[in-house]
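The sequence shown: position 189 = 904 (the numbering used here), numbered continuously.
Hints should not be assumed to be uniformly reliable.
Said to hold, decoys possible - What follows is a list of derived Cβ distance ranges for each label pair:
#: 1; residue 1: Pro904; residue 2: Lys718; range: 45 to 53 Å
#: 2; residue 1: Pro904; residue 2: Val883; range: 32 to 40 Å
#: 3; residue 1: Gln794; residue 2: Arg897; range: 34 to 42 Å
#: 4; residue 1: Phe735; residue 2: Ile895; range: 37 to 45 Å
#: 5; residue 1: Val875; residue 2: Ile953; range: 25 to 33 Å
#: 6; residue 1: Ile895; residue 2: Phe787; range: 45 to 53 Å
#: 7; residue 1: Asn756; residue 2: Leu965; range: 33 to 41 Å
#: 8; residue 1: Ser833; residue 2: Leu956; range: 24 to 32 Å
#: 9; residue 1: Thr902; residue 2: Tyr722; range: 29 to 37 Å
#: 10; residue 1: Leu827; residue 2: Met728; range: 31 to 39 Å
#: 11; residue 1: Leu893; residue 2: Ile796; range: 48 to 56 Å
In short, the hints are calculated from the structure, not lab data.
As the structure is a computational prediction, the values presented were derived from the model and not from experiment.
Glycine included, C-beta positions come from ideal geometry on N, C-alpha and C.
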Amino acid sequence: MFKILKYCLSDLMRSHWILFYFLFYLLIGFGLLLINTSFSNTIITLLNIIIVLSPLISSVFGITYFYNSKNFTQLLLAQPIDRKKIFIAQYLGVSFSLSLSLILGLSIPFILFGILSSQNLYEFILLLGISSVLTFIFSCISFYIGILNNNKLRGFGLTVVVWLIMAVVYDGLIMILLMIFREYPLTNPSLIAMLLNPIDLARTVLIINLDLSALLGYTGASFKLFFGTFYGIIICTISLLIWLFIPLTLLIRRIENKDF
Numbered sequence: 716m717f718k719i720l721k722y723c724l725s726d727l728m729r730s731h732w733i734l735f736y737f738l739f740y741l742l743i744g745f746g747l748l749l750i751n752t753s754f755s756n757t758i759i760t761l762l763n764i765i766i767v768l769s770p771l772i773s774s775v776f777g778i779t780y781f782y783n784s785k786n787f788t789q790l791l792l793a794q795p796i797d798r799k800k801i802f803i804a805q806y807l808g809v810s811f812s813l814s815l816s817l818i819l820g821l822s823i824p825f826i827l828f829g830i831l832s833s834q835n836l837y838e839f840i841l842l843l844g845i846s847s848v849l850t851f852i853f854s855c856i857s858f859y860i861g862i863l864n865n866n867k868l869r870g871f872g873l874t875v876v877v878w879l880i881m882a883v884v885y886d887g888l889i890m891i892l893l894m895i896f897r898e899y900p901l902t903n904p905s906l907i908a909m910l911l912n913p914i915d916l917a918r919t920v921l922i923i924n925l926d927l928s929a930l931l932g933y934t935g936a937s938f939k940l941f942f943g944t945f946y947g948i949i950i951c952t953i954s955l956l957i958w959l960f961i962p963l964t965l966l967i968r969r970i971e972n973k974d975f
């Protein structure tokens, strides 16, 4: 498995798309730091970009890599190698390469501008950490969709639809429901709805830690009372891990049962 992972990483790190992904965040980092007057404002701007872009790129790149490496995968499947190790190594290779590109692309400009001695260092590390977790989650979802669909066009379409639902449609539906039932106490249902979407969960955790909860009014204050506590942080961490564990478990089970 480690040999396959090493090969996948070396192959991916030479990819033009990974290089472009790294350069994109590098330029975005330098550009925002030159425009904004503080690290806090830059991190807030990056939050709005990364929280949508990172899941999208992870999904699209993951499903593309899955289909493009199909011949190589079939060659490995013909060898006496556990099929789970083959796909897990490829999934980890994609996730690690994307996460590393994002982390390095943003860390270089922030370090050069003095983030290590700033009071916003924790928020920056949290941004990188949550972005990496989202990368692993949506890369896994894309691999699972690829395993389910032999048709490349259908698999690609489903991947984009899943991202669109979680990034856009889900929030719209929640807002509509909150408007319809606005006369009822909706704090707890809102918290539950937040935990059911990894993108919303990641966004909320970052907003709370950036002390922007006041912008959300009463709901923001309620969220801060929950997410700002030790138990709230534990629940958020567990929820993100569950979002990683469920698609990974489904992926492994499908790999074991699929006839290649």
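Results for each hint:
no.	hint	result
1	Pro904 x Lys718: 45 to 53 Å	holds (48 Å)
2	Pro904 x Val883: 32 to 40 Å	violated (20 Å)
3	Gln794 x Arg897: 34 to 42 Å	violated (60 Å)
4	Phe735 x Ile895: 37 to 45 Å	holds (43 Å)
5	Val875 x Ile953: 25 to 33 Å	holds (29 Å)
6	Ile895 x Phe787: 45 to 53 Å	holds (51 Å)
7	Asn756 x Leu965: 33 to 41 Å	holds (40 Å)
8	Ser833 x Leu956: 24 to 32 Å	holds (29 Å)
9	Thr902 x Tyr722: 29 to 37 Å	violated (50 Å)
10	Leu827 x Met728: 31 to 39 Å	violated (22 Å)
11	Leu893 x Ile796: 48 to 56 Å	holds (50 Å)
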